[in-house]
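Once you've looked at the hints, dock chain C against the given chain G.
There are 2 protein chains.
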Amino acid sequence: MKRAIFNGKLVEEDTLKVGVLSPTVTSSYSVYETLRVINSRAVFLRDHLMRLKKSSDEIYLPLKVSEIEISEWIENLIKCEDISSAQLRITHSEEGIFITYSDLIAYPDSYYEDGVKCIYFFGERFMPTVKTSNRLLSTLAMKRAESKGAFEALLVNRRERVTEGTRTNFYAIADKSLYTAEDELVLSGVTRTRVIKIAKELGYKVIFEAPKYDDIKYFDSVFISSTSMAALPVSEIGDVKMKRDRWQDIIRIKDEIRKME
Amino acid sequence: MKRAIFNGKLVEEDTLKVGVLSPTVTSSYSVYETLRVINSRAVFLRDHLMRLKKSSDEIYLPLKVSEIEISEWIENLIKCEDISSAQLRITHSEEGIFITYSDLIAYPDSYYEDGVKCIYFFGERFMPTVKTSNRLLSTLAMKRAESKGAFEALLVNRRERVTEGTRTNFYAIADKSLYTAEDELVLSGVTRTRVIKIAKELGYKVIFEAPKYDDIKYFDSVFISSTSMAALPVSEIGDVKMKRDRWQDIIRIKDEIRKME
Numbered sequence: 088m089k090r091a092i093f094n095g096k097l098v099e100e101d102t103l104k105v106g107v108l109s110p111t112v113t114s115s116y117s118v119y120e121t122l123r124v125i126n127s128r129a130v131f132l133r134d135h136l137m138r139l140k141k142s143s144d145e146i147y148l149p150l151k152v153s154e155i156e157i158s159e160w161i162e163n164l165i166k167c168e169d170i171s172s173a174q175l176r177i178t179h180s181e182e183g184i185f186i187t188y189s190d191l192i193a194y195p196d197s198y199y200e201d202g203v204k205c206i207y208f209f210g211e212r213f214m215p216t217v218k219t220s221n222r223l224l225s226t227l228a229m230k231r232a233e234s235k236g237a238f239e240a241l242l243v244n245r246r247e248r249v250t251e252g253t254r255t256n257f258y259a260i261a262d263k264s265l266y267t268a269e270d271e272l273v274l275s276g277v278t279r280t281r282v283i284k285i286a287k288e289l290g291y292k293v294i295f296e297a298p299k300y301d302d303i304k305y306f307d308s309v310f311i312s313s314t315s316m317a318a319l320p321v322s323e324i325g326d327v328k329m330k331r332d333r334w335q336d337i338i339r340i341k342d343e344i345r346k347m348e
Numbered sequence: 088m089k090r091a092i093f094n095g096k097l098v099e100e101d102t103l104k105v106g107v108l109s110p111t112v113t114s115s116y117s118v119y120e121t122l123r124v125i126n127s128r129a130v131f132l133r134d135h136l137m138r139l140k141k142s143s144d145e146i147y148l149p150l151k152v153s154e155i156e157i158s159e160w161i162e163n164l165i166k167c168e169d170i171s172s173a174q175l176r177i178t179h180s181e182e183g184i185f186i187t188y189s190d191l192i193a194y195p196d197s198y199y200e201d202g203v204k205c206i207y208f209f210g211e212r213f214m215p216t217v218k219t220s221n222r223l224l225s226t227l228a229m230k231r232a233e234s235k236g237a238f239e240a241l242l243v244n245r246r247e248r249v250t251e252g253t254r255t256n257f258y259a260i261a262d263k264s265l266y267t268a269e270d271e272l273v274l275s276g277v278t279r280t281r282v283i284k285i286a287k288e289l290g291y292k293v294i295f296e297a298p299k300y301d302d303i304k305y306f307d308s309v310f311i312s313s314t315s316m317a318a319l320p321v322s323e324i325g326d327v328k329m330k331r332d333r334w335q336d337i338i339r340i341k342d343e344i345r346k347m348e
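Which chain is which? The protein sequence lines are G and C, in order.
To convert, count from 1 in the first sequence and add 87; that's our numbering.
To convert, count from 1 in the second sequence and add 87; that's our numbering.
Heads up, some of the hints might be wrong.
One copy or two, it doesn't matter: identical chains are merged, so the pair holds either way.
[Claimed, not checked] The list that follows gives simulated cross-link-like pairs (lysine-lysine, DSS-like), each with its CA atoms no further than 30 Å apart:
{"no.": "1", "residue 1": "Lys230", "residue 2": "Lys104"}
{"no.": "2", "residue 1": "Lys235", "residue 2": "Lys141"}
{"no.": "3", "residue 1": "Lys330", "residue 2": "Lys89"}
{"no.": "4", "residue 1": "Lys235", "residue 2": "Lys151"}
{"no.": "5", "residue 1": "Lys104", "residue 2": "Lys89"}
{"no.": "6", "residue 1": "Lys346", "residue 2": "Lys299"}
FYI, nobody ran anything at the bench for these hints, they're computed from the structure.
Nothing here was measured: the structure is a model prediction, and the numbers come from that model.
Excised from the complex, chain G in its bound form:
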């Protein structure tokens, strides 16, 4: 039986439940993080816990335990469950802190070689800088993407700009410039920070301006990033094929992120 941590205690995962009348269910009142465990170590843990704290504060649900305690709980779970690699999830609601794990998400090499298909979805997340369970827009956008055989839905805001995906950050390359949305419009991705750092090291000028969706076809190439995919090139959006002029740089960014883990 798979186990998990609830408020510091090791419990069986299937006991982790919340009341159907709790604000967690009735009002999507919770925040979360997902992170990777590689070689029995939680990757970029400090960054994820800092963001969890920020998200919690933003919805007026402050953490009642320190980041150090949560780190210890995670270490304990990794040890007791003898986890080598996994996808880890921290959920913080009024009930407390749940730490669960599942198989590491790994995408086939072909995704990185051929790129993935995306669609556009018109909408803006409420509190885009915060990672909350208020995810109905993202859920419906992903349902639409799946129905079109696409891997991700890219959100287009009221100014017709592509800000982010439902679970990814978004980037467009033109010559030696990397365009990505203004910080206040998107989640401050733990992987995003690294994408930007590596892009700069590769000689890119990083421009914080979400590109117009009508202009995307003119870019040299576009890609998405997240904890589980690192950096992943986009081959087409809707019916429009993307160029692959600087694809090798995207793969290089991906490889560099994986080396940091």
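What follows is chain C alone, placed relative to chain G:
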């Protein structure tokens, strides 16, 4: 021990739980209705079930049972729990249908005599015509309202128009005109339909146009409506006192709705 209905079966209410990794929790993927039981009868039941069906369809979570079955479950709960009056909640998620009840919400007479205080909150609900648990905006707006000693937060959209409250519809009266938001901007309130009908009977011209928040002070009076409050006058919004020139009509609308129940 209080009981409830889960997928047709009578169960103890505190057994109604959902997994912390279910889309119900992680993605606010559920819809709901709240209604009143008066004299052991669910009020406006047909309307509430029609809206539940519509909400379910809109988030691609179609009801698996008929409205007739749900009605029978509700009747059964009312009988088995010997309910005379109550607030009833129907929650529909991937787990199924939960029917729970709590004490009838009754506001003191003074609320109707003196009106209630509101605040403005800038924001728009995602899918405003659908009643979902994607309620983080409403939750944060209500937290702000409570911190200011206010009863309700009125949402102001990007066009500076007052569309609705976090759990209410909103109306402004000028002479014999009643202003309320365009249908597509707000929840099609079960009580709202009745407010509009009664206002017309009282000789009002109903204009479907959400008023600008800067103009609200010029109206003769403003009010909110919901299942639990019927029609309730607003005495002030933020620091601005509202006029009470047609207050008696608001009370008349409230009384007429209560008579229909």
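Exercise. Hints broken by the structure, by number, lowest first?
Worked result: 3 and 6
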